[in-house]
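Model the placement of chain L with the ligands on the given structure of chain C, informed by the hints.
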Amino acid sequence: MELFFFQLLNGLGLGVIYFLLSVGLTITFGLLNFVNFAHGAFYMVGAYVTFVIVSLTGNFWLALLIAPLVIGTLAIALEQSVVKFSYVLEHKYQILVTLGVALMLQELVIMIWGPIGKNVSPPSSLAGIIEIGDFIYPKYRAFVIAFSALIAIVVWWGLEKTKFGALVRAGSENAQMVGLLGVNITRLFSITFGLGGLLAGLAGVLAAPLRGADPFMGVEALGIAFIVVVIGGMGSFLGALVGGLVVGVMQSVMSSVWPEGASLMVYAAMAAVILSRPRGLFGRA
Amino acid sequence: MLELNSVNSFYGKSHILFDVNCTLKRGEVLAILGRNGAGKSTLLKSIMGLVDVRDGSIHFEGNELTNTTSHRIAHQGLCFVPENRDIFEILSVEENLYISHNPASNWSINDIYSLFPRLKERRKNGGGNLSGGEQQMLAIARALVNDPKMLILDEPTEGLAPVIVEEIEKIISNVRSTGIPILLVEQNISVCRKVADKFIVLEQGQVVLEGSNQDLSDQTEKIEHYLAV
Ligand SMILES: Nc1ncnc2c1ncn2[C@@H]1O[C@H](COP(=O)(O)OP(=O)(O)OP(=O)(O)O)[C@@H](O)[C@H]1O
Ligand SMILES: [Mg+2]
Numbered sequence: 000m001e002l003f004f005f006q007l008l009n010g011l012g013l014g015v016i017y018f019l020l021s022v023g024l025t026i027t028f029g030l031l032n033f034v035n036f037a038h039g040a041f042y043m044v045g046a047y048v049t050f051v052i053v054s055l056t057g058n059f060w061l062a063l064l065i066a067p068l069v070i071g072t073l074a075i076a077l078e079q080s081v082v083k084f085s086y087v088l089e090h091k092y093q094i095l096v097t098l099g100v101a102l103m104l105q106e107l108v109i110m111i112w113g114p115i116g117k118n119v120s121p122p123s124s125l126a127g128i129i130e131i132g133d134f135i136y137p138k139y140r141a142f143v144i145a146f147s148a149l150i151a152i153v154v155w156w157g158l159e160k161t162k163f164g165a166l167v168r169a170g171s172e173n174a175q176m177v178g179l180l181g182v183n184i185t186r187l188f189s190i191t192f193g194l195g196g197l198l199a200g201l202a203g204v205l206a207a208p209l210r211g212a213d214p215f216m217g218v219e220a221l222g223i224a225f226i227v228v229v230i231g232g233m234g235s236f237l238g239a240l241v242g243g244l245v246v247g248v249m250q251s252v253m254s255s256v257w258p259e260g261a262s263l264m265v266y267a268a269m270a271a272v273i274l275s276r277p278r279g280l281f282g283r284a
Numbered sequence: 000m001l002e003l004n005s006v007n008s009f010y011g012k013s014h015i016l017f018d019v020n021c022t023l024k025r026g027e028v029l030a031i032l033g034r035n036g037a038g039k040s041t042l043l044k045s046i047m048g049l050v051d052v053r054d055g056s057i058h059f060e061g062n063e064l065t066n067t068t069s070h071r072i073a074h075q076g077l078c079f080v081p082e083n084r085d086i087f088e089i090l091s092v093e094e095n096l097y098i099s100h101n102p103a104s105n106w107s108i109n110d111i112y113s114l115f116p117r118l119k120e121r122r123k124n125g126g127g128n129l130s131g132g133e134q135q136m137l138a139i140a141r142a143l144v145n146d147p148k149m150l151i152l153d154e155p156t157e158g159l160a161p162v163i164v165e166e167i168e169k170i171i172s173n174v175r176s177t178g179i180p181i182l183l184v185e186q187n188i189s190v191c192r193k194v195a196d197k198f199i200v201l202e203q204g205q206v207v208l209e210g211s212n213q214d215l216s217d218q219t220e221k222i223e224h225y226l227a228v
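Line by line, the protein sequences give chains C and L.
Quick note, the first sequence lines up with residues 0 to 284 if you use numbering that gives the first Met the number 0.
Quick note, the second sequence lines up with residues 0 to 228 if you use numbering that gives the first Met the number 0.
The shape of chain C in the complex, shown without the other chains (with noise of 0.2 Å):
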């Protein structure tokens, strides 16, 4: 029972990961309608910097400041110099754009890093456990979930409750109207393109001390992110949270009582929910 709770409270952890990484995938493709198969190495270049902050001041938490800045400031550079000119393509045409890049990225850090894994420790302040009565459980994991929510918690009120947000959900169902409103709307796109690469960017820097940062943890991420998206629905902030917490909580709890089954299920979840509601839990049709 306390292994399951265990497990349980792992899942959320994760899940709250898994929204984060998935959030800007699903405004960004509700908005924009576009595919970025970019948007795992964001998450992963996330862990790298990271590394590399960790490495040289020994500082999480100045990392945890700043390498979210620094992939927001990648993806809109990004956005900038190559994504703007393939709104306009069809979906294949930018997945292959955006998976060039991705690409592109992860050959990158592995000819700084080599393609062997870094490992990133968790802050001092948050090295140990926290009992509550007979129940421990790491800080560091605890403090992702309560950091994570907290951000969940922002992203959800600012996409409801500003001007900003309202123009977001707005432009999804009709950017034409919100340009007609006087709004710049290819800024209003590369703001979002951008927030939705710094969230992914948190991901990986809460995940760095979890799991480590390599390489190849962007495209592990970006097939999570599209489970999570599809199983939520495309271009829904509910829909990430649920469908990361669903995918994190399975991955976590079927790890120790099926593991081989565990993606397993994931994948099954998902063809269920392909089946019943295709388009995903709180998707629009």
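Since the hints were made in silico from the structure, they are not lab data.
Keep in mind that the hints are not guaranteed to be accurate.
[What the hints assert, rightly or not] With a straight-line Cα cutoff of 30 Å, these simulated DSSO-like cross-link-like pairs (lysine-lysine) come out: (1) K162(C) <-> K123(L); (2) K83(C) <-> K12(L); (3) K169(L) <-> K197(L); (4) K148(L) <-> K197(L); (5) K160(C) <-> K119(L); (6) K123(L) <-> K160(C); (7) K162(C) <-> K119(L); (8) K162(C) <-> K148(L); (9) K91(C) <-> K12(L); (10) K148(L) <-> K160(C).
Frame of chain C; chain L with the ligands shown alone:
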């Protein structure tokens, strides 16, 4: 204020507008009439930068609008209410107004609510849950809070009940009295008689008739001939 000089517009290879000229001054309402497919919406979209204008020029307060992006055109104060209203269905009524609201506008969101009490009642409703009349009100309201220097309305009374048509006529006269000019595509001659200062009739993308408000009554037969299917 607005000046169109032999405008020629295209959708891809199809040439839709041919040498269209018209002008609009402060406080004027210009009605654009013409049968279905005559090019009325295309004319409005040409002004808003949504259609390819290959020849001719469009100026607003001396600024060239031709081949400018639509957000820049809108930013200059040309507020467009499209034919299908394009209300954001996933936003509430209030959010539809809020994202458009410009503090410089003569109309605050509260002014809108006293002008359209119905929108106030439904302010928490989703834009997708409104009736046709409410959607039209909201679309006009959304343009008014955007700080219009000019209002561009595409068939605002189409398919609406007579009481609502009257309400829209009132709003148009109200806006006109503040000095804001209005470009109005309207198939209903009686609405035009009540609100328009002058009119043009389009046929197959060309201006075939123009005149004053008086001519709308004097030349009814001629105009109806152009509108008849
Ligand atoms: N997106 C488009 N692509 C190609 N042709 C178009 C497009 N939109 C309109 N047209 C054509 O342009 C011509 C003018 O259309 P427009 O919509 O301007 O007519 P309208 O006068 O507004 O008609 P209605 O009264 O039905 O609204 C029509 O022949 C129409 O078929
Ligand atoms: Mg039309």
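Evaluated hints:
1. Note on K162(C) and K123(L): the hinted pairing holds, with a Cα-Cα distance of about 16 Å set against a maximum of 30 Å.
2. Between K83(C) and K12(L), the direct Cα distance comes to roughly 26 Å. Compliance with the 30 Å bound is thereby established for this hinted pair.
3. For a cut-off of 30 Å, the pair hint linking K169(L) to K197(L) stands: about 18 Å separates their Cα positions.
4. At most 30 Å may separate the alpha-carbon atoms for a hinted pair to count; K148(L) and K197(L) meet this at roughly 19 Å.
5. A C-alpha spacing of about 19 Å is found between K160(C) and K119(L), which places the hinted pair at or below 30 Å, so the restraint holds.
6. Only pairs whose Cα atoms come within 30 Å are accepted, and K123(L) paired with K160(C) is accepted, the gap being roughly 13 Å.
7. With a C-alpha separation of about 19 Å, the suggested pairing of K162(C) with K119(L) holds against the 30 Å cut-off.
8. A C-alpha spacing of about 23 Å is found between K162(C) and K148(L), which places the hinted pair at or below 30 Å, so the restraint holds.
9. Between the alpha carbons of K91(C) and K12(L) the distance comes to roughly 27 Å, so the proposed pair stays at or under 30 Å and holds.
10. With a C-alpha separation of about 29 Å, the suggested pairing of K148(L) with K160(C) holds against the 30 Å cut-off.
The structure fails none of the hints (numbered hints given earlier).
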